[in-house]
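Enquirer: Next come the chains, spelled out residue by residue.
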Amino acid sequence: MRGDLTNPVPDVNEHSEEELLLNQWAEQDYAFGFVSDIEQDIVPKGLNEDVIRWISARKEEPSWLLDWRLKAYRHWLSMPTPEWAHLEIPAIDFQDISYYAAPKAAAKLNSLDELDPEIKSTYDKLGIPLEEQLILAGVAVDAVLDSVSVVTTYKEKLAEKGIIFCSFSEAVREHPDLVRKHLGKVVPYTDNYYAALNSAVFSDGSFVYIPKGVRCPMELSTYFRINAAGTGQFERTLIVADDDAYVSYLEGCTAPKRDENQLHAAVVELVAMNRSEIRYATVQNWYPGDAQGIGGIYNFVTKRGLCQGLASKISWTQVETGSAITWKYPSVVLLGDRSTGEFYSVALAARAQQADTGTKMIHIGKNTTSRIVSKGISAGRGQNAYRGLVKVRKTATNARNYSQCDSLLMGDRCGAHTYPYFEINCPDAQVEHEATTSKIEEDLLYYCQQRGLPTEEAIALIVNGYAKEVLDKLPMEFAVEARKLLAISLEGSVG
Amino acid sequence: MLEIIDLHASVDDKPILKGLNLQIRPGEVHAIMGPNGSGKSTLSHVLAGRPGYDVRGSVRFNGQDLLNLTPEERAWAGLFLAFQYPVEIPGVSNTNFMRSALNQVRSHRGLPALEAGDFLKIMREKAALVQLDPSFLSRPVNLGFSGGEKKRNEIFQMAMLDPQLAILDETDSGLDIDALRIVAEGVRKLRREDNSFLIITHYQRLLDHLRPDIVHVLMDGKIVRTGNDTLALELEEKGYDWLKAELA
Ligand SMILES: Nc1ncnc2c1ncn2[C@@H]1O[C@H](COP(=O)(O)OP(=O)(O)O)[C@@H](O)[C@H]1O
Ligand SMILES: [Mg+2]
Chain B
1115 MRGDLTNPVP DVNEHSEEEL LLNQWAEQDY AFGFVSDIEQ DIVPKGLNED VIRWISARKE
1175 EPSWLLDWRL KAYRHWLSMP TPEWAHLEIP AIDFQDISYY AAPKAAAKLN SLDELDPEIK
1235 STYDKLGIPL EEQLILAGVA VDAVLDSVSV VTTYKEKLAE KGIIFCSFSE AVREHPDLVR
1295 KHLGKVVPYT DNYYAALNSA VFSDGSFVYI PKGVRCPMEL STYFRINAAG TGQFERTLIV
1355 ADDDAYVSYL EGCTAPKRDE NQLHAAVVEL VAMNRSEIRY ATVQNWYPGD AQGIGGIYNF
1415 VTKRGLCQGL ASKISWTQVE TGSAITWKYP SVVLLGDRST GEFYSVALAA RAQQADTGTK
1475 MIHIGKNTTS RIVSKGISAG RGQNAYRGLV KVRKTATNAR NYSQCDSLLM GDRCGAHTYP
1535 YFEINCPDAQ VEHEATTSKI EEDLLYYCQQ RGLPTEEAIA LIVNGYAKEV LDKLPMEFAV
1595 EARKLLAISL EGSVG
Chain Z
58 MLEIIDLHAS VDDKPILKGL NLQIRPGEVH AIMGPNGSGK STLSHVLAGR PGYDVRGSVR
118 FNGQDLLNLT PEERAWAGLF LAFQYPVEIP GVSNTNFMRS ALNQVRSHRG LPALEAGDFL
178 KIMREKAALV QLDPSFLSRP VNLGFSGGEK KRNEIFQMAM LDPQLAILDE TDSGLDIDAL
238 RIVAEGVRKL RREDNSFLII THYQRLLDHL RPDIVHVLMD GKIVRTGNDT LALELEEKGY
298 DWLKAELA
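Chains B and Z, in that order, give the protein sequences. So for the first sequence, the working numbering puts the first residue at 1115; every next one is plus one. So for the second sequence, the working numbering puts the first residue at 58; every next one is plus one.
Be a bit skeptical, because a hint or two may be false.
[Stated by the list, open to error] Pairs of lysine to aspartate or glutamate residues, derived as EDC-like cross-links and limited to a Cα-Cα distance of at most 16 Å, are as follows: (1) 1582/B - 145/Z; (2) 1185/B - 1163/B; (3) 1553/B - 63/Z; (4) 1326/B - 1356/B; (5) 1271/B - 1333/B; (6) 75/Z - 63/Z.
If you are wondering where the hints come from, they were derived from the structure by calculation, not from laboratory data. Predicted, not measured: the structure shown is a model, and the values here were computed from it.
Given the sequences, and given the hints that come with them, work out the whole structure.
Expert: The following block contains the structure:
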């Protein structure tokens, strides 16, 4: 990245101005930390079979689902907490969490006008387009506040094409066969500790079904927000694209600023049939905690897609800027021949944040392809780890993988770690891996400043440039939001 | 406009500029020539505010104490440096870069931010001025540009930001004859009564186009001779040795 080869730059002083600014950025304020005053229907703290029965009854679930939850719970009890991620996780007291919180008036809504104005203003503050005119802009939104889905917009237009887009609870009531057929098939409750916990207590989330041959005409979007104190959020999302279907789905997340840590343990399952394509994008901005590491969301999420059909494609794109701790590996199982899996990630760990994220690409079918592009950004005392597994089974002849993992370090108190694992059991697999670690070169900053950009704006520009390949994968509106998120600090930090 | 008095600069205790004096008035074009390693680029970076130098002396720029300003404040005040080795910015398009830069510079000069349409219009106009192909505007800044393209991009940026004082550090090195003419034409069109240029060069060719008012020779960190454009011709013909001998 250096341009000036004949004039080596001397070492900077220990605490240069850039570094101070970098630290200010690392400690910038969280803009979504407000709390809404909404009447809540909360189950008392604690976890046992009665709580699970209570949740299931509350949601009027069929007995097969209750049985499944209880099996998951019993399995969870038998599991040790995972310790292998590059994270320092304080012991979580699972009895000190409330497993269900719902806004009281949420029961039956016929139109947007019936929505609790306080809820609506919460979403307005978040800038979520619930209003009709914004909906016309082409985004259909399912908003999940704490545990329940508050409103799903634009449902009718989608229904005309046979597309189902609704809350998970509603799907259980209205489309039980579809749910039963796919629930837990991609992520079984035995998969891991937090997947088991989620399966036992999950409250709501989104459900999407795209019928054969249908291209979903708009971006589908869910907005998750944790509002109630002392609660966890355990949402569950299931997306099924039938043969020759296409859908692009977006998920955004925020939470109020609190001193306590809140747990978010979601499960997302994607199923892609023959020649179908699912794009799943996340912009995650959960409250990250303060500079000392007090408060913030623990984000332990299991996301997995199954390319079940021939030539099917699943693509994960994520921009992770929030949470105190992130533990997340969106993965693709490439079962169908000629299927494709992609993972594009930007993960930022600033302040005292810890991020351990990456992907798994499991090649099973023939002629399968996967591509991984990971861009880590570490600032402040943030710790960022990329952990990726590329597994090529014996059956997966002619598999190809390309992985690129870049780390950007800002300041010298943060860390970046890369753990790429490869398990190749088929001799003709072509696997390529590249990794780089870089800093923002002082000459690059100086060049920008010489053109009139203040340091923070220069850094925002450089960081956005660094992440461009991933940001470009996001739909336009979200790309703009993601760019702002990455740069957000730079506004209040001019001293 | 610019007044440099007894400027010293060193890196790691190694003195590079050793008591340099220079004065530039509005509307003037000055050329600085001098052997490799004499401190020409160091002078331009010290003026632009690159960190890493120990600097002593006084530099006033339109009445302001230049040395007390950050690099961006110097840019806002109207100082521009066309780098000898322009830096690449991966993932940031020329367009985006210039929009951010121009809006910053404008806001500090009391001008409103430009509407997207107006901005694009100005950008196309300035690109045409240096015959920069519009495809370069959407490419990441300087990334994969040839040496000559980078230099042309520097002059394009200069035209966009409309500085009071532009320092061109060996902008002509690496340009072919046509590119040199285009760059020189571009600079000439930007000349006004109220802006000035400091052109660092080894070659007479650029000066033929630009007709500097004053030519200086920088050697071993000092200006050792100042004259008019016949001095440049003399240097082109005879090299620097006669001057060294004369000084010794
Ligand atoms: N950052 C630096 N560290 C050490 N030496 C430097 C540095 N920058 C310049 N120099 C030295 O200072 C002298 C002048 O360099 P420079 O200003 O680039 O010369 P010019 O542009 O006239 O060719 C050279 O000897 C060069 O090696
Ligand atoms: Mg030089």
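Enquirer: Against this structure, judge whether each hint is valid.
Expert: A quick look at each hint next to the structure:
no.: 1; hint: 1582/B - 145/Z; verdict: 15 Å, holds
no.: 2; hint: 1185/B - 1163/B; verdict: 10 Å, holds
no.: 3; hint: 1553/B - 63/Z; verdict: 36 Å, violated
no.: 4; hint: 1326/B - 1356/B; verdict: 5 Å, holds
no.: 5; hint: 1271/B - 1333/B; verdict: 13 Å, holds
no.: 6; hint: 75/Z - 63/Z; verdict: 8 Å, holds
Consistency note: the structure conflicts with earlier hint 3 alone.
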